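Please take these sequences and the hints and turn them into a complete structure.
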Amino acid sequence: MSNFFKKLFKGKKKKDQDRVLSKGEMYDVYTEQIIKKVCNSRSNCIDIGAHSGEIVDIISEYAPKGIHYGFEPIPTMYNNLVAKYKKNKNWQFFDLALSDQKGTTTFNYVVTHPAYSGINKRSYPNENENISLIEVKTELLDNVLPADYKVDLIKIDVEGGEMGVLKGAVETIRKYKPVIVFEHGLGAAEFYGTTPEMVYELLHNCGLKLYTLTGWLGEGNPLTLDEHKRLFDTNEEYYFVAAVNGGSNWARKN
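Okay, so the sequence shown: first residue is 1 according to full-length UniProt numbering, each after it adds one.
Think of the hints as simulated: they come from the structure by calculation, not from any bench.
Where hints are given, some of them may not hold.
DSS-like mimics (lysine-lysine), calculated; alpha carbons at most 30 angstroms apart, straight line [unchecked claim]:
#: 1; residue 1: K36; residue 2: K23
#: 2; residue 1: K89; residue 2: K150
#: 3; residue 1: K86; residue 2: K102
#: 4; residue 1: K37; residue 2: K102
#: 5; residue 1: K121; residue 2: K87
#: 6; residue 1: K84; residue 2: K36
#: 7; residue 1: K65; residue 2: K150
#: 8; residue 1: K175; residue 2: K65
#: 9; residue 1: K102; residue 2: K121
#: 10; residue 1: K137; residue 2: K89
#: 11; residue 1: K87; residue 2: K150
#: 12; residue 1: K65; residue 2: K177
#: 13; residue 1: K150; residue 2: K37
#: 14; residue 1: K36; residue 2: K175
#: 15; residue 1: K137; residue 2: K102
#: 16; residue 1: K102; residue 2: K84
#: 17; residue 1: K209; residue 2: K102
#: 18; residue 1: K65; residue 2: K229
#: 19; residue 1: K37; residue 2: K84
#: 20; residue 1: K229; residue 2: K37
#: 21; residue 1: K175; residue 2: K137
#: 22; residue 1: K150; residue 2: K209
#: 23; residue 1: K37; residue 2: K137
#: 24; residue 1: K23; residue 2: K87
#: 25; residue 1: K177; residue 2: K150
#: 26; residue 1: K121; residue 2: K23
#: 27; residue 1: K177; residue 2: K137
#: 28; residue 1: K37; residue 2: K177
#: 29; residue 1: K23; residue 2: K37
#: 30; residue 1: K102; residue 2: K23
Simulated DEER-style distance windows between Cβ atoms [to be verified]:
#: 31; residue 1: A83; residue 2: A115; range: 34 to 44 angstroms
#: 32; residue 1: E236; residue 2: M198; range: 34 to 44 angstroms
#: 33; residue 1: E129; residue 2: P75; range: 38 to 48 angstroms
Remember, it's a predicted structure, so these values are computed and weren't measured experimentally.
Backbone N, C-alpha and C define an ideal beta-carbon position, used for all residues, glycine too.
Okay, here's the thing in C-alpha cells:
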C-alpha cells in the first residue's frame with residue numbers, strides 16, 4: 001500500500017484496509033478526504049443530490065458550525081432527510097431538482113435503484129428497472145442561495161444533469177470559486193446532450209481547474225481538455241474535482 005493510500009485508510013480496521021473496494025466505494029473514500037481537507041468547522045457546504053444523507057453526515061462531521069443546504073427532489077427521500085436531520089439546525093433541505101431553468105418537469109424516479117434517478121432517463125445496468133414518472137420543481141442554485149452566502153464546497157451527483165446544475169450556479173461559482181466534487185460520466189451525461197468539452201469550458205471560464213479525485217488529493221496536475229475528454233470517453237473516471245488549486249496547495253484553516 002502506497003503512503004498516499006496509507007494516509008487515506010489511517011484509522012480504518014485492517015479488514016477494511018485489506019478488502020478490495022469497488023470504484024464507487026473508492027470515490028466515497030476520496031470524497032470524504034476532500035471534504036476533510038477543504039472544510040474547517042465553519043465552512044459552508046451544499047449537497048446536490050443528497051439522497052440518503054451519506055455526504056450530509058460527512059459534512060456535518062468536518063464542518064459542524066457551517067450553514068449547509070441539501071437538495072433532493074424525490075419526495076420520500078426528501079422527507080426522510082428532513083426527519084433524520086430535524087435536530088440539526090445547520091442544515092436546510094429543499095425538494096428541488098436544480099437546473100438552469102425554473103419551473104416543473106417530469107422526473108424519472110427509479111424505484112428499484114433510486115440512486116439512478118434523474119430528470120432524463122439514462123442508461124441503467126438492469127434493463128428491467130421499475131421507473132415511475134413524477135413531477136418535480138426545478139430551480140437555479142443562484143436563485144435559492146442568500147445573496148451573502150459564501151459557499152466553500154459543493155458536491156453534485158445528479159445522474160447526468162450536472163451541466164444544468166452548473167449553468168444554474170454560474171454566478172455563485174464565479175463569485176466564491178468553491179471546490180466542486182461532481183459526477184460526470186458516460187452513460188448518463190450524454191442523455192442530457194452534455195459533452196466533457198462543455199463542462200470543462202464552463203468551469204474554466206469560472207476560474208476553476210479540473211482534477212481527478214486522486215490527482216487533487218495527491219500532487220497531480222490539473223487536467224487538460226484532452227485528458228478530461230479521454231477519461232470521460234473511456235469511462236476511466238466519472239468523478240472529478242473543480243478547484244482553483246490542487247489539494248497539495250490547499251491550506252485547511254481552523
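Cross-check of the supplied hints:
Between K36 and K23 the alpha-carbon distance is near 20 angstroms, which keeps this suggested pair within the 30 angstroms criterion. With a C-alpha separation of about 18 angstroms, the suggested pairing of K89 with K150 holds against the 30 angstroms cut-off. Straight-line distance between C-alpha atoms of K86 and K102 comes to about 27 angstroms, which keeps the hinted pair within the 30 angstroms bound. Restraint check: the Cα-Cα separation between K37 and K102 comes to about 34 angstroms, which exceeds 30 angstroms; the hinted pair is violated.
Restraint check for K121 and K87: not satisfied, since their Cα atoms lie roughly 35 angstroms apart, outside the 30 angstroms limit. About 22 angstroms separates the Cα atoms of K84 and K36, which keeps this hinted pair within 30 angstroms; it holds. Simply put, K65 and K150 have alpha-carbon atoms about 14 angstroms apart, close enough for the 30 angstroms limit, and the pair holds. Between K175 and K65 the alpha-carbon distance is near 22 angstroms, which keeps this suggested pair within the 30 angstroms criterion.
Our distance criterion of 30 angstroms between C-alpha atoms is met by K102 and K121, whose separation comes to about 20 angstroms. Proximity of K137 to K89 is assessed by CA-CA distance (about 24 angstroms); at most 30 angstroms being required, the pair is judged to hold. Under the criterion of a C-alpha separation no larger than 30 angstroms, the hint pairing K87 with K150 is consistent with the structure, at around 23 angstroms. Restraint check: the Cα-Cα separation between K65 and K177 comes to about 20 angstroms, which is no more than 30 angstroms; the hinted pair holds.
Proposed proximity of K150 and K37 is supported: the alpha carbons are some 18 angstroms apart, at most 30 angstroms. A threshold of 30 angstroms between alpha carbons decides the hint, and for K36 with K175 the separation of about 23 angstroms falls inside it, so the pair holds. At most 30 angstroms may separate the alpha-carbon atoms for a hinted pair to count; K137 and K102 meet this at roughly 8 angstroms. For the proposed pair K102 and K84, the alpha carbon gap of about 28 angstroms is at most 30 angstroms, so the pair holds.
Taking the CA atoms of K209 and K102, the gap is near 28 angstroms; set against the 30 angstroms cutoff, the hint holds. Among the hinted pairs, K65 with K229 is inconsistent with the structure: their alpha-carbon atoms are about 38 angstroms apart, more than 30 angstroms. Between K37 and K84 the CA atoms are separated by roughly 26 angstroms; this keeps the pair inside 30 angstroms, and the hint holds. At roughly 27 angstroms between alpha-carbon atoms, K229 and K37 fall within 30 angstroms of each other, so this suggested pair holds.
Using a Cα cut-off of 30 angstroms, the hinted pair K175 and K137 holds, with the two alpha carbons roughly 26 angstroms apart. With a CA separation close to 19 angstroms, the supplied pair K150 and K209 stays within the 30 angstroms bound. Between K37 and K137, the direct Cα distance comes to roughly 33 angstroms. Violation of the 30 angstroms bound is thereby established for this hinted pair. Restraint check: the Cα-Cα separation between K23 and K87 comes to about 33 angstroms, which exceeds 30 angstroms; the hinted pair is violated.
The straight-line distance between the Cα atoms of K177 and K150 is roughly 9 angstroms, inside the 30 angstroms bound, and the hint therefore holds. This hinted pair checks out: K121 and K23 have alpha carbons roughly 23 angstroms apart, not beyond 30 angstroms. For the hint pairing K177 with K137, the CA-to-CA distance comes to about 26 angstroms; that is within 30 angstroms, so the pair holds. The suggested pairing of K37 with K177 holds, with an alpha-carbon distance near 16 angstroms, which does not exceed 30 angstroms.
Proposed proximity of K23 and K37 is supported: the alpha carbons are some 21 angstroms apart, at most 30 angstroms. For the hint linking K102 to K23, the alpha-carbon distance of about 34 angstroms lies beyond 30 angstroms, and the restraint is violated. Roughly 20 angstroms separates the CB atoms of A83 and A115, a value that falls outside the hinted 34 to 44 angstroms. Distance hint check for E236 and M198: the Cβ-Cβ separation is about 19 angstroms, which falls outside the suggested range of 34 to 44 angstroms.
For the pair E129 and P75, the supplied restraint of 38 to 48 angstroms is violated, since their beta-carbon distance comes to about 19 angstroms.
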